[in-house]
Amino acid sequence: MKGTNVLWMAGRYLASRRNPHASFINWASFAGLTAGVVLLTVVASVMNGFDRELRTRLLGVVPHVLAVPPGGAWDTAPGAPPDVLSSHRFFAGSAVVGVRGSVQPLLLYGVDAAARGSLDLVARRMMEGSVEDLRQGGGVLLGAPLAALLGAVPGDPVVLVVTLPRESTIEPRVERFTLRGTFEVGAQPDYSLAVIDLADVQARGIGAAGVSGWRMQLADPMRVGEVARTLREGLPPGWGVRLWTDRYGDLFRAVRLEKTLMFVFLALVIAIAAFNMVSGQTMLVNDKRGDIAMLETMGAPTRFLVQVFLVQGFAVAVVGVAVGLAAGVLLAWNAGPVAGALSGVLGGSILDGTPYDELPAEVLGTDLAVIAALSLGLCFLAVLRPALKAVAENPAPALHAA
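In my numbering, the protein residues as written are 1 to 402.
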């Protein structure tokens, strides 16, 4: 019965319009809380989307693990841990590409064009030609944006300059290839990667310009550290292990840091809206001082009165957070169309200069749980003090005033 009475009184106070100023502050707090939750949900989801796309596109091209045998020999394949999806012979080095006087530094990958799955993502994202075209010999694949920058089209001659180490110096080697095709994965490799066949690496004697080994792709690239430890334990002496985090780890750490900072900054918006509720609740408590005094003289327990004001204030928070989460999820699921409409209003795409066709977003349940818990926790702290204050003062003056 007490619980029913608490809800009944809290509902009456929530619907009370006797103090318009207090009602306005409560509604403003509700609107600010809802807007803050919407912003935090959308921004967190968009950051998740960019992180997912970066992992899918970039880590779909670079080797997750590169096991390097002594002397770069491919005679013996290393034993692959259970988390390894595929293992192929591989070469990675640096080069400079030149087309009709235009030059660009890049990474040079050598893959087994005859082996299925040796460079899956590139094979799926070919704009012109195919990976199998490299089997003809003397061919190279470039990212479509890089080819456009160089003014090259399939069939054009391409020069690759690599450096070979010698006893006391290095020797530049100029190798001529033909552009067989272009790819576009929507990430950094589109501007900084050339792919040739391993047979050309061996036939032209340019293996010393980089490292040769076994490229391993993992089911979960984020567990590369654990897989590398298992792999090292099973490799013979002299083998080396290189991880994708050696080159790109800082990039992913920067993305995570950016998401954390954005989360903190937008959480401050929620905090401001939540603590605005203190003013509204304090006004409500002052307005109901006479009711509180009469209830206390009638024997109403302190706990009952505190619960009334807690439930009344917390109800606003629960509804605001629920509406904010629902609206935020809806906007995140439609981030692409919303970004398109915004671009139309602004007169230009907000994604210009990026490899993305539409704004990526991924809603994670863990993010929603954290946002809800944080928002409700702040709101609970905001309404707790006025609720405790309601029973902390002597009821006698309020009774005399009534």
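No wet-lab data here; the hints were simulated from the structure.
Some clues are possibly wrong.
For each label pair, taking beta carbons as the anchor points, the in silico distance ranges come out as [said to hold, decoys possible]:
| # | residue 1 | residue 2 | range |
| --- | --- | --- | --- |
| 1 | Glu167 | Thr230 | 35 to 41 Å |
| 2 | Val103 | Ala322 | 34 to 40 Å |
| 3 | Gln202 | Leu85 | 22 to 28 Å |
| 4 | Leu346 | Pro172 | 33 to 39 Å |
| 5 | Ala199 | Asp156 | 45 to 51 Å |
Computed from a prediction, not measured in an experiment: that's the story for all the values here.
Beta carbons: idealized from backbone N, C-alpha and C, even for Gly.
Cross-check of the supplied hints:
1. Glu167 <-> Thr230: 35 to 41 Å: Distance hint for Glu167, Thr230 holds at roughly 38 Å.
2. Val103 <-> Ala322: 34 to 40 Å: At roughly 58 Å between Cβ atoms, Ala322 and Val103 fall outside 34 to 40 Å, so the hint is violated.
3. Gln202 <-> Leu85: 22 to 28 Å: holds, 26 Å
4. Leu346 <-> Pro172: 33 to 39 Å: violated, 48 Å
5. Ala199 <-> Asp156: 45 to 51 Å: violated, 21 Å
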